[in-house]
Every structure is written in structure tokens, then in C-alpha cells.
Amino acid sequence: MSIRWKWIIPALLVMFSTAAIVSRKTAAAAPPATETKAPAASAQGGTLSIPDTTIAINSPTPMSQRVVHYEIDAKYDASKHAVNADEVLTYHNLTGQALDHFPFHLYQNAFQPQSTFVRESKLEGSRDTSYNKWESKEYGSENIKSIEVVGQGDLTKNLQYIAPDDGNKDDKTVVDLHLAKPIPAGAFVQFKIAFQTNFPETQARSGWKRDFLLGGQWFPKVGVWWHGAWNCHQYHATTEFFADFGVYDVKLTVPQYEVIGASGVEVSSVNNSDGTKTVTYHGDDIHDFAWTVSPRYKVREATYQAQMGPVKLRFLMQPAHWDQAERHERITRETLDHFEKWYGPYPYKTLTVVDPEPDSAAGGMEYPTFITGDTSWFMPQGLHLPELVVEHEFGHQYWYGMVATNEFEDAWMDEGINSYTEVKVLDSILGKNTSVLNLGGATVSEREEQRDSYLSVAEMDPMAENAYNYYSFNSYGGVTYGKTASVLLTLEGIIGQDTMDKAMHAYFMKYRFTHPTKEDFLKTIEETAGKDLHWYFNQAVYGSQVMDYEVSQAESFPANWYEDKKDKKAEKNAKDDTVYQTYVALHRKGDFTMPVEVEIKFSNGEKVREHWDGQSRWIRYSYQKKAKVVSAELDPDHTVQIDRNNFNNSYVVEPNTKPTYKLNNYWMFLTQWCGQALSWWAI
Amino acid sequence: MTEKKNLLGNGLGMVTHNKRYIVWFWLLSIALAAIGTVGLRESAHTILDHSLYAEKLTHGFDLSVYIELLIRPEFGPMMTTTLPAVYSAVVFFLAMALFLPGIIAGYASTYRLPREDFFRACGRNLWRFIRILIISGIVMGIVAGILFGINGAVAKKAGESTNEVLPFELRMIGLGVIFLIMTTLRIWFDLAETDTVLNDQKAVRKSIAAGFRHTFRGLGRLLGSYIVAAIVAVILLWAGLWIWSHAVSPESILGAFAVGQLTLLLLLIPRFWQRGVAVSYWKQYMVAPVVPVQPMAQVTPTPVTPEPPPVSPTPTPAPTA
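Sequence lines, in order, name chains A and B. Numbering-wise, the working numbering puts 166 at position 166 of the first sequence, and it's gapless, one number per residue. Throughout, the working numbering is defined as the position within the second sequence, counted from one, plus 683.
Just to be clear, a hint being listed does not mean it is correct.
Listed next, the in silico DSSO-like pairs over lysine-lysine satisfying Cα-Cα at most 27 angstroms (straight line) [as the list claims (entries may be wrong)]: (1) B:687 with A:137; (2) A:625 with A:607; (3) B:839 with A:80; (4) A:133 with B:840.
Calculated directly from the structure, the hints in this document are not laboratory data.
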């Protein structure tokens, strides 16, 4: 790099940052903007720019540093589940250095038998498909027919598939384009791409089922320049996505009978003479674009008054779920309320909630301003699965959509932080103990469900691990979702709930529309709490240590036990005055160390709390009182969510057999009923 | 001409006159279940009895805590702890098979069947019942396999439809059809078992053949009666579970035990009722006809003085309990 550029790039960056900060600060006072463009010099000498439109956001100025502008004109062939499209990608080189190659994601190529995605899914399991037997309908593809770089001509021949993660030569999910001339720092470059995407039957929340389609990860998408290098991972069984913010203008031509939904706002809809219609969408400050069609969607629309302006809510429901549309709307509104109040404003003008085709692998997915729920025609009111999914996916509008972390490398930062806020929001809306199930006397809370998912894989992987490097799909799920939620809930107990709430709010407001790292998140918490929390993060986030503290002993005996008790009557009279020697021992069984509290209850009603730093393997407390120990309980305020065994966290001296006999009733009933059923039919 | 009795009423009468059989089997099922769940109980005692966390199971029923209990290593592998419970269910079934001949004999009897007669019937028909059990198992297994296969295939095909509820509806309809067909087969072998015991039939194939003929001869009455009993069973189960979950306090162990066991006790009645229906049918339609004695020819009738009616060949019925 020449000396001239070394001076110019920092100067440009300073100017740009200052402009961004100033524009953000003055955003509230500025009048609403219309569609305008900020021209800049292109690498080819022409005038290219990224639009600074605000059509799709309730903000007068752009909210992100816009790097990309995608203009896609796509025609959907419903009979073949295929898209033929022309894509114009304008890229603003803000990397601070010249770029001579650009990697692109071609995600739909993951659905091929020799891809890394399918290999990993077959080996380690995946959410949707086991790939026991390869079927042609599972095949997907994304083929760049031609690619032209404006000013450099057709460079299709320069395309080369690369496999930066595992070297799999048969994986075609990343393609690299070497340019004839590098793109200088600060310049724009425009790619004109013709591509065809053939969707598979739904896998990994993309594809078709019957006449439904969820178009996710369907177009060639450029990688992210991050920390001085291109970040463009292959598609793995456990990974999601990572992309730059920008503007999307997408024209979708589909059959007229289709009901359509997509990211962003609908700009126009025109019926064509050939029985198709072209619907145009525009998205601002988003980093992906998804869409869906089905002829059977029933549409419910509503408006939510958010802090920054009205949000149009659109629910695309399956006919058999129409009676649940109100449930979907209610949980969406309540979740929006909580997120706006706790974390920050929702700036987009739309939110589309899709109820995908039954039996499809399209449920429970997030795209910017566009989420899919997951329900069934039979869904009792006490079973809160639709609420759980809609809340979770909406949460991703914040933890992925706006705080756009790297889902390949830090999956816990979107899925895990989102699972944590999911617990908080659902606790508040549906009750702390009943947020998942409240039916027939049985309850399940999301808090405990997250913990249970962690317990099964507690020591397998740390949170701070590339999503594609987890031991298995279960470990990925249990750690990124369950462990992160449990770790953050436990952190609440360490720094206090109010401090944690402030930290989460600060984190969102500071890092929205950016790509923060795990260090950014952890540092925000430490700064807000004013505490050094490395001891906790090193074990909980970067380590795979497992916590298990137990009350290993709680017993009392008369201090004068050795004296001869000949006079029983006198002994009885003196009973109340007996002094007891009490011992309570705590034991650290795991390798995770943490300060713990224990509450000891005595027979006279007295309660004693002890604080133990938890460093040594065990500690024993002794007391002499005119009362016997009744119980000892670790973590009496129930703030620790990562202890592997909650049963041994307390010890009650007098056994309580009620829980066992209650379970025994169920087991006996089931056994007897099975015997009767067998006899009914077999003899 | 003999007056035909209502099968359901007559069958239920047999059950009510022999309530002790149901009580015995209920007690047996409790004993077997208590033994079968010892492992589960002991494991749970070890983990739960001294833990405050276990109270989440007492006040309400937190499924997460229950799952956590099951995955604790000290609880033991699920297979190991639940296998005895499965065995106890199988033992109950075998006991039912062993004592069924006595029950059938008891139902057919117009008096309280003495204990030795009960056990004699059980012993005498043991090997015959084993043979019927094997044959019925083969027949019902094959038919059930085919029917469930078809049902699954239909539901899968329906899954391609855009009507989400259709697979479920077809599966339910299919299950209804399977229930009717399997109940018909059950009637067949119930009649065969009844015939074997009451006819003292050594060649079970003859009883099976007779059962087959009569199943279709009296299908309407028999199937109707069996379905009524099955519906009663479903209602009893639903009512029992509803009362258990709605009317019994979550903390009440005794209340839950009482409601659960009462439900199981009552649930035994419908199947015994079906047995009563089979015995009633056998007595009315399958019993070997008595050939009337032909009057001797050319015998001059001589007036005789009327005598008191003859004493019944069967012993005087003992008062029922």
C-alpha cells in the first residue's frame, strides 16, 4: 500500500465516523428524508453510491453504515421451485485497503450430497434432516450464470469455489471472484450477476413444501470484511449467517394467485399480462432479504405504535391456524412492548410474521423484519409453543437483526443472548413457572427448559467456540442456547438484575447496526457493573467448567451427648434447654468455582446465612444453639442457573417423602394401566 | 321357547354377581405395580427426600424438575429402572390369562363357584388357553400389522395434501376402523375361550371354529355390546384423569392414590363386562342343544298322580356375596 493511501484512508474514516455520529445525534430533530442518493466516485470512474433512503425505517436518516446495495429482479417458477434473477450489487469499500477479490456465499449449494453441510448433518445430526437416504427433492443449488464487474467486464471465468473452513473440494457454498483490477479503499464497485437458484424441499428453514416456498439465503451474497480479512465461511450444519448492512431493492415476479410476504416494505405490486405479478420491496439498514409465497395464506394486519413510529404487523397464517392469529398478534405486541422498554426502539416500519407450511422445516427462523413461527392446528391455550417461537424469532430482530454478530463464529451472541431475553420476556408475559406449559396441573418454564438443555451437554464445549466446531448438534444447541441463557441469568444474580438490565440496554444502544465481538459484549457488562468479571467469564464463556455445589452434611446432636441420662423425666423437662452442636458442610463437586451463599434454618425458626468464596473443595460450619438444624440450602435466592444438580443444593434433615410418593402414584398408575391395556387386547 | 336375554344387561349382571374377581385382579395389579416400581421409588427416595428442590414436584408438577430427576446419573438408567414395571404389567397379563377360565366358569355358573371349581377350571384349561393365545396372537398380530401399515400409508399420503388436518382425520378414522376390526377379532377369540371352558372342549380348533361362526352370526349384537363397554371404559378413564387433575389437590398424595386406584378399579369392569357378554351369548346361542327324547310308540297311557316337580340337577344356588 502506498504512503498516500495510508493518509487518505484514516482521514476518510474519521470523516465518515464523525458524519455518522453527528447524523445519529441530530436524527430526532431532522425532517423525514425521502429517497436520495449520496454519490461517490466508483472504482471505474463513474458515479456509484449506496442509497441513503429511509423508506423502510422510522428514522429520518440511515441507522447503519451501509456497505451494500442489492437490486434484485427475480422471477419465481412455482412449478420448478426455482428462481431466475438478475442481481446488481453495489459495494462500498470501507475496509481501508484495496480489495482484489470478493468471496460470495452461495448457500443453496449446501443442499447437495457432498457438501460440508450435508456431511456434517449426516455425522452429527441436524435440526431438520438426518440424510439417512439421499432423495432428489433434497437437492438445492445456486448457480452464478454470469458475473460482470462494471468497468472490468465479464469475470465469470475468474470464479473459483473455495472451502476456507474444511478444505472440502466438493463444497460449493463459497465462491471467490478475483478482479482484474483491485478496488481502492473508499471506492465503490458494482457487480452484475445473473443467477439461478433451485430450492430444495425445506431444509434449514429454506425451500419449498407442497406449493409453499420460503426464500431464505437464495441469492449470491458477498462476505464481510471483518478484522482485516474477508469473513465468508462455508455453510455448516450448525451455522447461520453474517452479512453487511445495506439497502435492498427486490422485485419478485410470482404467479398472481400467490400470497407473498418479504423483508422490508412493499413499494409496488403490478399484475402482468402473463398471469404473474411483480411485487417490489425495499429494505433499509438490513443485512439479508427473505420472502415467502403460498396460495393459501390468510392475512391479518395490524399496526403497532413503536417508540420511533408506527410498525405495520403482517401475519401470514395457515388456514387451519387462523384461530391462532390473535395469539400470534398478542405475543408479537407484548414482545415488542418489552423489547422497546428494556433494550431499545424497534426502528423498522414493518414486521412480517409467517406461519409456515405444516410439516415443513421452515418454522422458527429469523430474517430482518421477517420471521417464521411454528404451530399446529391443535394447540391448547396452556401450551405456549407458538408464543415461545414468535417471541424468540422476534428477539432476533435485536440480537442478529440490529446487533449483527457473527453467527458463524459467535453463535451464542445471537442465539444465546436471545434465549436469555426470551426467558426474561416470557417470564414477564406468561409467568415465571408457566412460560412454556401450564396444562392439567403440569408446568414447564422456559428458564428451566434452557437449563435442562444445557445440563445434558454441560462439559462438552465452551460458549466461545465457532458454531461449526461444536462436538455435535446437541452440544451446539445446549451450549449456544441453553448454557448462554443460564450463564446470563446467573450473571444477573452476581451483578444484580437492575445492573444487568442496564448493561443489556447499553449494549444494544451502543452496538446496534454494527458487528460487535464477544469482547464488546462482555466489556459492556463489566463497565456497567463496574466490576472485574473475568473470573466468571473465563469459566462460563471461554471455559467448559461445570458447577456443582452440594450440601454434603447437616446434622445436630446434643452438646452434652456423653452425659448419662438416667432420669428420663428430667431429661424431658430439660429438652428445651438442650444445647445442640450443629455441623453443616458444603462441598464443591465441580471444577467451576464461584462464591455461594447458604441459608441454614434451625428448629427455633432462626435463619443463618453464610457466604463462602467457593474456592476450596469443602467448608464446614459449626454452631452451638438451643435448636437443631432443620435444613441447609445453597443459593437460597435461586439466582444460580448453571449448577448441574439442583437436588443436592439443599438438605432437609427430616426426610420429606411426599414428592417420591407423588411420582410413585403416577408410575403405579401407568404400570397398572399398561397391564390392563395389554390384557384387554391380548387375552 | 327360551326367552333371549339382553347381552349387555345379562353380562353386566354376571359382573355384578361376581365382583370379587374384579377386586382380586385390582389387588393383584396394585401388588404387581408396587413391586415393579420399587426401583423407581428407591432411586427417587435417595434423590428427593432430603431436597428442598423436590418441593417443586409437590406443589404443582414442574415437568422440568421431573426431567432433571430422570437424567440424574444416580437415578440410574431409565431402562434398568423401568424394566421391572414393564415386567409387572406382563405378569398381570399372564395372571389374567391363567385365571380367565375360572372367571368364565364363574360367570356361567348360576351359583357362586366354589374356589376349588374355579382353580380346577383354570388348571384344566391352561394348555388350551395357551394354544388359543398363540393362535389369536398370530391372527391379531398379522391383521393389526396390516391395518396399521395401511393406516400409516394412508396418513402419509394424506400428508401430501394441503389440508393440514386431513392426515389426522384419516388416521383417526383409520384407528376407528382398526378398533372395530380388532374388536371383532377379540369377540371371536372371546367366544372361542368361552366355548373351550364351558364346553370343556379339548380340541380348541373346534371352539375357534365355533367362535368364528357365531361372531359373524351375532355380530351386530356382540359388536354393539363390546363397543358400549369400550365407550364406558374411555369415559371412566377420562373422568378419572379429570378428577385427578382438577379435584385433587397437588399436595394430596392419598387423594391422588385413591382417585387413581378407583379409576383403575372401575376400568377393570368394562373388559369383564365384555367377558360377561360373551358368556351370556354362549349360554343363549352356542350351548349344545338338548335333543328331546322321542315318546315311545304304542304305549298305552296310564293315568298317574301328579308328583312334585323334580329337583334341579344343578346344586341349589348359594347366596351371592
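How the hints compare with the structure:
1. B:687 with A:137: violated (63 angstroms)
2. A:625 with A:607: holds (12 angstroms)
3. B:839 with A:80: OK: residue 839 (chain B) and residue 80 (chain A) at ~23 angstroms, within 27 angstroms.
4. A:133 with B:840: holds (19 angstroms)
Taken one by one, the earlier hints fail for this structure only at number 1.
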